[in-house]
Amino acid sequence: MRLSELVSNLTPTTYSQLALLIFLGVFIAIAWRHRRLTTAHTEAAALPLADDAAPLARPEVPHE
Amino acid sequence: MTQPDTLRYDDAIVRKFVAATIFWGTIGMLVGLYVALQLAVPQLNVAPYLTFGRLRPLHTNAVIFAFAGNALFGAVYYSTQRLVKARPLSDLLSKIHFWGWQLIIASAAITLPLGYTEGKEYAELEWPIDIAIAGVWVVFAVNFFGMLRNRREQHLYVAVWFYIATIITVAILHIFNSLAVPWSPLKSYSLYAGVEDAFMQWWYGHNAVAFFLTTPFLGLMYYFLPKAAEKPVFSYRLSILHFWSLVFIYIWAGPHHLHYTALPQWAATLGMLFSVMLWMPSWGGMINGLLTLRGAWNRVAADPVLKFFVVGITFYGMSTFEGPMMSIRSVNALSHYTDWNIAHVHGGALGWVGFMVFGMTYWLAPRLYQTKLWSTKLATVHFWVATIGIALYVVAMWAAGITQGLMWRAFDDTGRLQYPDFLETVTRLMPMYWVRALGGTLYISGILMAAYNLFKTWQTRPATYAEVEVEVPPRVRDGATAKAEHHGHWHRKYEGLPATFSVLVAVAVIVASLFEIVPTFLIKSNVPRIATVKPYTPLELYGRDIYIREGCYNCHSQMVRPFVDETVRYGLGGVPTEYSKPGEFVYDHPFQWGSRRIGPDLAREGGRRDEYWHLRHFDNPRSTSKGSIMPRYPHLLRDDIDYGSIQARINAMVTLGVPYGADAKRDAAAMARAQAEEVAAKLVKLGGPAGKTHKDVIALIAYMQRLGVDIRAGRNDLPEAAPAAPTPAGK
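Protein chains in written order, with the numbering used here: chain S, 22 to 85; chain B, 30 to 760.
Covered by chain S, according to a simulated footprint, are these stretches of chain B (three or more residues, beta-carbon under 8 Å):
| no. | region |
| --- | --- |
| 1 | 179-189 |
| 2 | 273-279 |
| 3 | 543-551 |
Derived Cβ-Cβ restraints for the label pairs, each shown as a range:
| no. | chain 1 | residue 1 | chain 2 | residue 2 | range |
| --- | --- | --- | --- | --- | --- |
| 4 | B | Asp441 | S | Leu24 | 48 to 56 Å |
| 5 | B | Ala535 | S | Leu24 | 16 to 24 Å |
| 6 | B | Asp442 | S | Leu41 | 41 to 49 Å |
| 7 | S | Leu41 | B | Asp746 | 38 to 46 Å |
| 8 | S | Ala71 | B | Val410 | 27 to 35 Å |
| 9 | B | Phe484 | S | Arg56 | 49 to 57 Å |
| 10 | B | Leu715 | S | Leu24 | 46 to 54 Å |
| 11 | S | Arg56 | B | Leu467 | 45 to 53 Å |
Simulated coverage check for chain S against chain B, where a stretch passes if three residues somewhere in it have a Cβ under 8 Å from a Cβ of chain B:
| no. | region |
| --- | --- |
| 12 | 43-55 |
| 13 | 59-65 |
FYI, nobody ran anything at the bench for these hints, they're computed from the structure.
Glycine included, C-beta positions come from ideal geometry on N, C-alpha and C.
Start from the sequences, fold in the hints, and give me the full structure.
Here it is as structure tokens:
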């Protein structure tokens, strides 16, 4: 069977259903993995603020 | 453990990109204002290279790739160095990246007004420039991933994930959408035709919005907003979900640009579903951004940086609500081809991207120039002026879009179109076009204030910039330490591995793309052949190339949707026409369906007007259609047809599989000459001028007269031409 025949014989909705299932699986996996990671998350979230340690990282903030 | 190292950040490259952002932003927006005014005052189309059709792509490309592009590069270089504690791989690569990109922008600014375009929106640049873009992108990628390789920070912060997704996905999109067969040093035909070309184009187009205008700016948000608020992001977990959901869902949404077109309905439905799903992660991201300011709201009142960020993120929320809404088929039926789209994209580009860029710029200025921002007050004025400007702009375009959309579909009590004259639906928009121009002017005066403020800040910089040395931990080796430190927690481990992470992103993007691309290209019933549809004659093909060169697709669609008001409006002699079928476009490399009807649809133009009408109309549209805002094209009546180039065009089409006969393969120019003489003879018979036989306008007229003719061939239920009496122009 040629690929084009195979693809033509699947109804188009198959693709969307498959896609939704894959997405759902990935979403649940990620949500599950990250359900309890509070310290790691707090560390990670602090990263942008960490480079403020450098001497010049606190020049005048544009305040009034 | 080895001794800690020291590291100097490269801020020189960031200074360059920030300056380029403001410079090109000003130019791109000024061109935007000019094309906006051209719609209100068509006389502003003063020269061939300054007509709306050629300048509008310059405006969009400049704002997307020059303004947003330079801004995202600046943001990536500034934040990634600090987040991963490493310098970009090589200063030389950084310079090549910067100057290469500026060169690409400059060549776009030259070639687009000259009419060198591939005729696909936001992918207009011709093939040599496309190759240069791919090259510079690779330089950027090497420089960036080299920096990640040398990193001293184990964890990759979520902003970096967004950057990785940007780099990988934009490369994939750009390469596959730009595939083309060149037929001259500066011209090419798209590899794809018709439905497939349309699909690829909007797969690209929508994901350019996603991965060029959204993900990098979300990365920017996740870094610069916590910096400016001096608080960590509200929920890191939410940012992870935000990231993966966007990467997974966005890729699917492209076909929502093609509702009710000849694209198969299943594909459009898929696009619609995933677009609606996008709403959730997008709002998750918006809420995450706004809640980062918890406890810092009092500072928003005083700090223009935070003001810009708050409004920018709010616009992100608005645009990501509006977008899914517009992708719902019945809403799209009204909004498509109208100024509603223009409102939507400006909410995104000026409201979201622009405000984030300005917030970042004002935050960076004192740090990059190592001095105080020259005027916080001016920055605050900029904020208010820009906010009022964008509000006026968006409201005016909403009003214009909904007005025109409703007028197109209105029927009167007798069951006839209430506004059969298309022009009436255009002139009605004039007041809104003036409000739009006012809004745009305000927004531009804002960016001029930013330029001035930055210039004055730069003037007070120190004689030499201090290069800050920071102490950094020893280099992170991929894999090894990740495993040692975090006993096999898979996500921790994987996100510590940029290569694995990149592969995951690429897989997510490619799998989703293939799910749509494979069926689009392979399902046979998608494009039922129509026996009467034949390739364009050499002269018509040449005329079509003029159509592309002049950017007529910026104002005209070629797609009659299956709505009664459209089949009636674009019918001939009182008989409704067929709506557009996929099989009609099989030889259209590139497709020219368009996305905006500033003028009427042209898919059924053949036979609607006579040759002389077209000639007068191209010379001066206002001579046939009072109040028309179409540009004049007098140069088409002056310039000679370049017969010498026609064979190369036909040969390229033959390479693409267009079934030309032996005559066309041997001597296409002779066929073109013969047809030009026929058209010119008709023209003279109708009372038109002699001596135009070998002028560009003849080829363009031949193309106009071909549009929509094939589907009528052999059908006696559809008239071949409009009734003998010339259709009254305008009213």
